[in-house]
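*Asks:* Starting from the known structure of chain A, arrange chain B on it as the hints suggest.
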Amino acid sequence: MNATAVETLVPILGSITEVREETHDVRTLRLDLADSEEAESFTWRAGQFVMVSVFGAGESALTITNPPAQKGFIEVTFRQMGTVTSALRRLSEGEPVGLRGPYGNSFPVEEWRGRDIAFVGGGIGMAAVHAPLWDVLGNREAYGEITVMAGAKTVADLVYRNEAGRLRDIPGVRVIQVVDPGGEEPGWDGEVGLIPQVFERMGLSGRDTTVVVCGPPVMLGFMLQATTRMGTPPSQVITTLENRMKCGVGYCGHCNVGEFMVCRDGPVVSGEVISQLPNEF
Amino acid sequence: MEQAGWILDEEQWKAWAGSLPASGCRVIAPARGPRGEAAFTKTDDADQIARGYPGKTQMSPKEFLFPRSETLFEFRLAGNTVTLVRPPRSDNKQVLIGLRPCDAAGLRRLDEVFLQDPADEAYEHRRNQTVVIVEACTEATPSCFCTAVGGSPGGTEGADLHVTRLGGSGRILLRAITQTGSELASAASASWARATEADFAEAGDQAEAVSSSIRRQPLPARTPELLEGSFEAPEWEVVASACIGCGICTYACPSCSCFDIADTGGAACGSRCRSWDSCAFGEFTKHASGHNPRPKQSARYRQRLMHKFAYFPSQHAGQLMCVGCGRCIDLCPAGIDIHQAVLALAGAARAAHRGADEGVPV
Numbered sequence: 007m008n009a010t011a012v013e014t015l016v017p018i019l020g021s022i023t024e025v026r027e028e029t030h031d032v033r034t035l036r037l038d039l040a041d042s043e044e045a046e047s048f049t050w051r052a053g054q055f056v057m058v059s060v061f062g063a064g065e066s067a068l069t070i071t072n073p074p075a076q077k078g079f080i081e082v083t084f085r086q087m088g089t090v091t092s093a094l095r096r097l098s099e100g101e102p103v104g105l106r107g108p109y110g111n112s113f114p115v116e117e118w119r120g121r122d123i124a125f126v127g128g129g130i131g132m133a134a135v136h137a138p139l140w141d142v143l144g145n146r147e148a149y150g151e152i153t154v155m156a157g158a159k160t161v162a163d164l165v166y167r168n169e170a171g172r173l174r175d176i177p178g179v180r181v182i183q184v185v186d187p188g189g190e191e192p193g194w195d196g197e198v199g200l201i202p203q204v205f206e207r208m209g210l211s212g213r214d215t216t217v218v219v220c221g222p223p224v225m226l227g228f229m230l231q232a233t234t235r236m237g238t239p240p241s242q243v244i245t246t247l248e249n250r251m252k253c254g255v256g257y258c259g260h261c262n263v264g265e266f267m268v269c270r271d272g273p274v275v276s277g278e279v280i281s282q283l284p285n286e287f
Numbered sequence: 003m004e005q006a007g008w009i010l011d012e013e014q015w016k017a018w019a020g021s022l023p024a025s026g027c028r029v030i031a032p033a034r035g036p037r038g039e040a041a042f043t044k045t046d047d048a049d050q051i052a053r054g055y056p057g058k059t060q061m062s063p064k065e066f067l068f069p070r071s072e073t074l075f076e077f078r079l080a081g082n083t084v085t086l087v088r089p090p091r092s093d094n095k096q097v098l099i100g101l102r103p104c105d106a107a108g109l110r111r112l113d114e115v116f117l118q119d120p121a122d123e124a125y126e127h128r129r130n131q132t133v134v135i136v137e138a139c140t141e142a143t144p145s146c147f148c149t150a151v152g153g154s155p156g157g158t159e160g161a162d163l164h165v166t167r168l169g170g171s172g173r174i175l176l177r178a179i180t181q182t183g184s185e186l187a188s189a190a191s192a193s194w195a196r197a198t199e200a201d202f203a204e205a206g207d208q209a210e211a212v213s214s215s216i217r218r219q220p221l222p223a224r225t226p227e228l229l230e231g232s233f234e235a236p237e238w239e240v241v242a243s244a245c246i247g248c249g250i251c252t253y254a255c256p257s258c259s260c261f262d263i264a265d266t267g268g269a270a271c272g273s274r275c276r277s278w279d280s281c282a283f284g285e286f287t288k289h290a291s292g293h294n295p296r297p298k299q300s301a302r303y304r305q306r307l308m309h310k311f312a313y314f315p316s317q318h319a320g321q322l323m324c325v326g327c328g329r330c331i332d333l334c335p336a337g338i339d340i341h342q343a344v345l346a347l348a349g350a351a352r353a354a355h356r357g358a359d360e361g362v363p364v
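Chains as they are written, first to last, in our numbering: chain A, 7 to 287; chain B, 3 to 364.
Just so you know, the hints here were simulated from the structure itself, not pulled from any lab data. Hints may contain errors.
[To be verified] As a list, the in silico DSBU-like pairs of lysine-lysine whose alpha-carbon atoms are at most 30 Å apart:
{"#": "1", "chain 1": "B", "residue 1": "LYS288", "chain 2": "B", "residue 2": "LYS298"}
{"#": "2", "chain 1": "B", "residue 1": "LYS16", "chain 2": "B", "residue 2": "LYS44"}
{"#": "3", "chain 1": "B", "residue 1": "LYS44", "chain 2": "B", "residue 2": "LYS95"}
{"#": "4", "chain 1": "B", "residue 1": "LYS16", "chain 2": "B", "residue 2": "LYS95"}
{"#": "5", "chain 1": "A", "residue 1": "LYS159", "chain 2": "B", "residue 2": "LYS298"}
{"#": "6", "chain 1": "A", "residue 1": "LYS159", "chain 2": "B", "residue 2": "LYS288"}
[As the list claims (entries may be wrong)] One side only, chain B facing chain A, incomplete, derived with CB under 10 Å:
{"#": "7", "residue": "ASP122"}
{"#": "8", "residue": "ALA270"}
{"#": "9", "residue": "ALA312"}
Think of the CB as a built atom: it goes at the ideal place given N, C-alpha and C, for glycine as much as any other residue.
With the rest of the complex left out, here is chain A:
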């Protein structure tokens, strides 16, 4: 037995070092690796994901939500949904987790230099736009106008709601919060409506704006239609696919769509790539 080899499907060990409640069912965890050398060498690019282990429950593919400049630890934001995320929610600060990764491709933030960028997240989809947003803002002067549109069913479901103030303080950053009709509260000063409709009437220049959009498949479909009408080339509409995954490295077959293994060839894809894939995501 080769004890020194790091087996692809065997996680490295870490623990929860901070818990932040985002909404009643969405949480952000800071995770630190147990081994300081492993922590030192753990680097990633915005858009990559990790397989987070809760021992006894299994693994869940979660996008890394903090920007790569924050070395030494990672953050993940998850909604309590299935077996593993429910078990993950039962863990507290100090408790162990396993990590594999980082896996997948990343957002082409270098290619966006000089362009306006709109980051659009529906529900827990905000988690996937968080790392590229803060990666871009870490190099603010290289980019044009930044628009952040965060949507949810209700005001109470808005993920990263308390970040809006910090974002608005950054020059050239506009923040719009949107809730579904009926999801507003007394005194709500954000938008009410469906994200694709609100987005389309904001008057952004379709041609000059790169649109990074993550959310439920239905919302994604309407956003692709909206951006087409706005004149945004499909290559400048970027999203992430969220297919079920088990291995994260292209063996297990679960996330296969056409010639694509989402874990290996994605999860970041442009509208151009999506139009070539069978509709199985």
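*Replies:* Chain B alone, transformed into the frame defined by chain A:
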């Protein structure tokens, strides 16, 4: 190119093959399974190792490289400290003997999946310990269709050593296909008679005779392209209408490689296993949210065929992820014939193209 080969009589063959366990090899050979079916089994019995068998085994030999279920690690929690314990790995050489050419070709398809970058270490370790001895087919069964997908009853793909029982004569042609195969035979091969051109020709004729007894139509050369364009074709509903989603086709398949990873045990101790899984199952793609990209059985059946005959070939220089063993045809409780299904889809796609070329509505 000069071929390395020897002619052995049955005694010599049995003396050599039967002695492999004594030389420290773990030998897997065809035997009768618990229900009377032919099954690959670990054995030390020289008779069984040397005997040979008609037809094919019920299940493919893939489990000896990619087990039905294997432990990735065991975990133990004490307080907030986790300990992961990897299962021990055997360093014994493993000899798979009596594989049909389709079986060995199937292992090569698994290699494409598990030996990509990064390689799956558990698979790679077993692969490096394994020597494959293929035995040419002396007959074809009604479900065999290797010749329709580019294979041959005498094929050597994936073989380290290759055996042909020369019809009724009791003479066995043993060929070294790889260096690994030569080395396994090297201790005894000096005492064996060298095979002649006539022996190789006889083996070739024999394979040709078995080939011509397979009456199944070759798939069109452009099958991957034809299928690629047929994703929305109504024929999928027709060919998949009988599918009950049991997944036996994927379990029996020598090249199906999909797996699940699951934890068993509790929070204090347990293990993480990977086990064969099937794209035929509704849960295979179902998100935690309940959203399912392939909600219908026909979509799942389409995925299996598209993966084997369109997606995989497009990424592997046209190589199909089907070796024509026909086990899925033998075992499908609904009577689905994958060869017929692919022909139907390719045929429909070609008719659609032709219609489009001629400007005829299709």
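*Asks:* Against each hint, give a clear statement of whether it holds in the structure.
*Replies:* We went through each hint and held it up to the structure:
Distance restraint check for LYS288/B and LYS298/B: the Cα-Cα separation of roughly 11 Å lies within the 30 Å cut-off, and the hinted pair is therefore satisfied. For a cut-off of 30 Å, the pair hint linking LYS16/B to LYS44/B stands: about 17 Å separates their Cα positions. Under the criterion of a C-alpha separation no larger than 30 Å, the hint pairing LYS44/B with LYS95/B is consistent with the structure, at around 13 Å. With a CA separation close to 19 Å, the supplied pair LYS16/B and LYS95/B stays within the 30 Å bound.
Annotation: proposed proximity of LYS159/A to LYS298/B holds, straight-line Cα distance about 29 Å (limit 30 Å). The suggested pairing of LYS159/A with LYS288/B holds, with an alpha-carbon distance near 22 Å, which does not exceed 30 Å. For ASP122/B, the shortest C-beta to C-beta distance to chain A is roughly 6 Å, which falls under 10 Å, so the interface hint holds. The beta carbon of ALA270/B comes within 8 Å of a beta carbon in chain A, closer than 10 Å, and the hint placing it at the interface holds.
Evaluation of the ALA312/B hint against chain A yields a held restraint, the C-beta minimum of about 8 Å falling below 10 Å.
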